[in-house]
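K.L.:
Respectively, the protein sequence lines represent chains U and V.
Letter by letter, the first sequence follows residues 2 to 233 in our numbering.
Letter by letter, the second sequence follows residues 4 to 708 in our numbering.
A portion of the hints provided could be inaccurate.
Here are the computed lysine-lysine pairs in the BS3-like style, where the Cα-Cα straight-line distance is at most 30 Å [what the hints assert, rightly or not]:
| no. | chain 1 | residue 1 | chain 2 | residue 2 |
| --- | --- | --- | --- | --- |
| 1 | V | Lys518 | U | Lys207 |
| 2 | V | Lys491 | U | Lys202 |
| 3 | U | Lys186 | V | Lys518 |
| 4 | V | Lys554 | U | Lys206 |
FYI, nobody ran anything at the bench for these hints, they're computed from the structure.
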Amino acid sequence: MSKRITIVEDEEAIRKNYVEALQKQGYEVASYANREAAEEGFMQQLPDLVLLDIGLNDEIEGGFELCRLLRQQSPTLSIIFLTARDSDLDIVSGLRLGADDYLTKDISLINLCARVAAFFRRIDALQQPQAEEQALKRGELLLDMNRYSVSWRGHPLELSLTEFWLIHCLARHPGHVKSREQLMKDAHIVVDDTTITSHIKRVRKKFTEIDNAFSAIDSVYGMGYRWLENQS
Amino acid sequence: MGIRGKLLLASLTLLIVPWLGYQYIQNLESYLRTAHEEKLIDRVSIMAAVMSGQQQLFDNHATASTTGNTQSHLYIRPLQTAIQLDGYIDDWRHYQNREQPLGKSSGDLSVLQRTGHYNEFLYIVLRVKDDNVIYRSPKSLRLDRSDHLRISMLDSSGHFRRYQVTTITPGWVSAYLMPERHNNSDLLPLKPEPRIKGEWQYSNDGYTVELRIPFTMLGTKFAIAVADVDDAIKGDVKNIVASANTENADELGSITVPNPKMESLLNRLNRTNNQIWVTDTHQRVIGMADGLTEVIDDDLNEQQIQNSSSPFSILMKLFYRLTLKQPNDDFTDLLSSASRLDNPAVAAAVAGNPGIYWRTTEDEDINIITTAHPVYINENIVGTIAIEENSNSILILQNRVIEAMANMSILTFLLTVGVLLAFATRLSLRIHRLRNEVDASISDDGKVQSIKLHTKSGDEIGDLGRSFASMLQRLSQYNRYLETISSKLSHELRTPITIVRSSLDNLDQDKLDPKSITYVKRANEGITRLNSILTRMSEATHLEQTILHEKREIYCASKVIEACADGYRLAYPEQHFEYHCSDSAQPINIEGSPELLAQLMDKLVDNATDFARKDSAITLSIANTDNSLSITVHNQGPTLPDEMRASLFDSMVSVRQHKTDEPHLGLGLYIVRLITEFHDAKIEIQNTSSPEGVAFKLTIPLATT
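Can you make the complete structure from the sequences, with help from the hints?
P.N.:
Next up, the structure:
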């Protein structure tokens, strides 16, 4: 059974392009141009993944409303914000409403498809019993490459896909300094330096919620960040 | 000149008010004079009416007044005390104003006389100015061969009597009765007349004779003469001065002794400050009451001055005393001692009309008004009554008005000036405050900081304030628009770019011919570049938001900068970097965010590398003082134009001259400014001369521990 994806996007050209691109990948895609139509559609059937734009026609926060509604209906549904708005405030708001990821529209379709695929893999992996262990272990850090999940000292962390990829990029070669450009590339995003800094800060915060003494992600001023394996 | 000065200058026009008042008072004086005249005329006519009932007072003079010499007249005023006949003038010192010349001086002879009566005696003192006093020879019986006095009168029974007084030595003298006819053959005295006594004394320039004549001897006619003899041998009379011809009974002058009835009547009619005369039809004084020189108001004034407690009013009084003409009672009025009133007013009264005459005293201090009215008895004019009054009452009234007006004017002036001054001060203070507020609203680099203008008042200044406020509001909106236009633009452009990109991505690349693939590739490259531009454009906005939520921490700045320097050596392998720290051993703690500081350094170094001359080093140096830390990034290369230095940190300002592959929107240094402000720091750009280049100097306050 092919995965069902719903796109809520007010811009017709983008919507159709996305729909076509995702259909080419073999997904079953539904699309809505406004909040009311989307709500009606969601009442009938919930898809596996929702791509949401935040500004829907006149409703500048219509996407947030929809996200809240969907989270009420299903706590496990994958929701990705795909929007032109790239401010830190919007990203934080989106993720706080329970979205799984937050992408800006300048992402290429290839990257988008890769990300969607990764999402479905993660969902599938979570549903299936643990098969072969494809994990990356760096000291207390454990990265499950199938489930895109991360745990620190045995405690799982709730990370978005972007955040997972950032950790992965850093932890793959401990001690190596990764510039912000490299991090962006590995996380399949195109953002500015400040946004990367914000992402890193959020990730650090998630770690320190589990472990107060966490300091494995080291800022290398003037260059970027690196993973310090022996730090604990 | 400020508003205050100008208003004060304008308020000087108020000075026209006291000037107008002064003009008005000048007019007032003539009104007052007229009123005064009318009042006096009224009074004198009433007095004339009273006098017309007193027929007997005029009867005594009826004969004297109609016949003989009407020009010479002697009115004898009373003396307060008896005169000691000692030949000295001391007794008469209170009656100095009575002194009048006797007749007309002749040659070197001149005589001053004073007269008076006390207890039925007539006293006469004669001061004779004579360069050569000749005394009677003891051997001679003749009385006229030496300096002598001649006294002639009609006695109470109407007989003509002649007397002569001379002496052989200064001292006690008495008169001798002379024959009635003055013939050459008959010059010897008939007999001594002991009732006329006197004292003859030397004086510096002649001699003085005091005489006493009992009223019982006197009739209505009288004359006295001084004869001067300068040659003791010949004994000829050289000069004679006389009140009237003593030799002829018809030519004798008249004499009037005050009638007690008349005096008491006049004193009852009199008021304190005027003088009343009663004259006969020849203007000869036959009765008077004297009050003209009495002090009337001065005591009151003194009292007022002393009573007024405020120093201001005392000061003003003194001021007026100096500037205004004051009532002056210390004047000599010859007329008041005259025996005959040669006054136009009296002359008019004699002719039958009420007369008014203004004159000034000889010293011109006081104006005196004379009003006269004829006295009718049985429809015949028997005399006149005249009142003289000095103008002190007018002057006092006038001065009071002037003083009151001047006080009011000065008070009004001061009050108005004070109010104007206060008003102007308040205005200029408000304008100053508005100016300061407007100045404070815009920072040195032209950014609208905060609009705190006092705009509540409804007047023009409030209006100005509101207009400034709205101007600043618009300016700040415009600035905000400029600062946010990049993020808005990036947001708005993202959608069409996404359309292009997703459309390109949807192209099935396998089905395209190689040529189309090239174009798609080029289009993709363009899109990627556009994307990176958008990313940079929104960076500043993102940073602003980040800064809003950024937590401040205390960290060591030198560690961050050192790490940065290491990072830059890796990031820019072709560029040489130098790092200096004044005190690397000690941690230099500042408050802020190390990430942001690093980002700031990134921008500065990024900027420095763009402008650095090839093969030259970029120098990062840290120096700390007691309470601040300065970080300098210096590169060698072209210097900055002066006028751009302050605005360089604004959004969208760039001075790059050469084109590079990287897009430059002038947002890098704007980000530097944002982070600088976050650290409460200051940043300045300096052009350096040797080596030529540009230094960015960041001064950050040290954290207080």
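K.L.:
It remains to establish, for every hint, whether it holds in the given structure.
P.N.:
Hints and how they fare:
At roughly 49 Å between alpha-carbon atoms, lysine 518 of chain V and lysine 207 of chain U are farther apart than 30 Å, so this suggested pair is violated. Between lysine 491 of chain V and lysine 202 of chain U, the direct Cα distance comes to roughly 25 Å. Compliance with the 30 Å bound is thereby established for this hinted pair. Among the hinted pairs, lysine 186 of chain U with lysine 518 of chain V is consistent with the structure: their alpha-carbon atoms are about 28 Å apart, no more than 30 Å. Distance hint between lysine 554 of chain V and lysine 206 of chain U is fulfilled; the C-alpha atoms sit about 13 Å from each other, no more than 30 Å.
Violated hint for the displayed structure: number 1, the only one.
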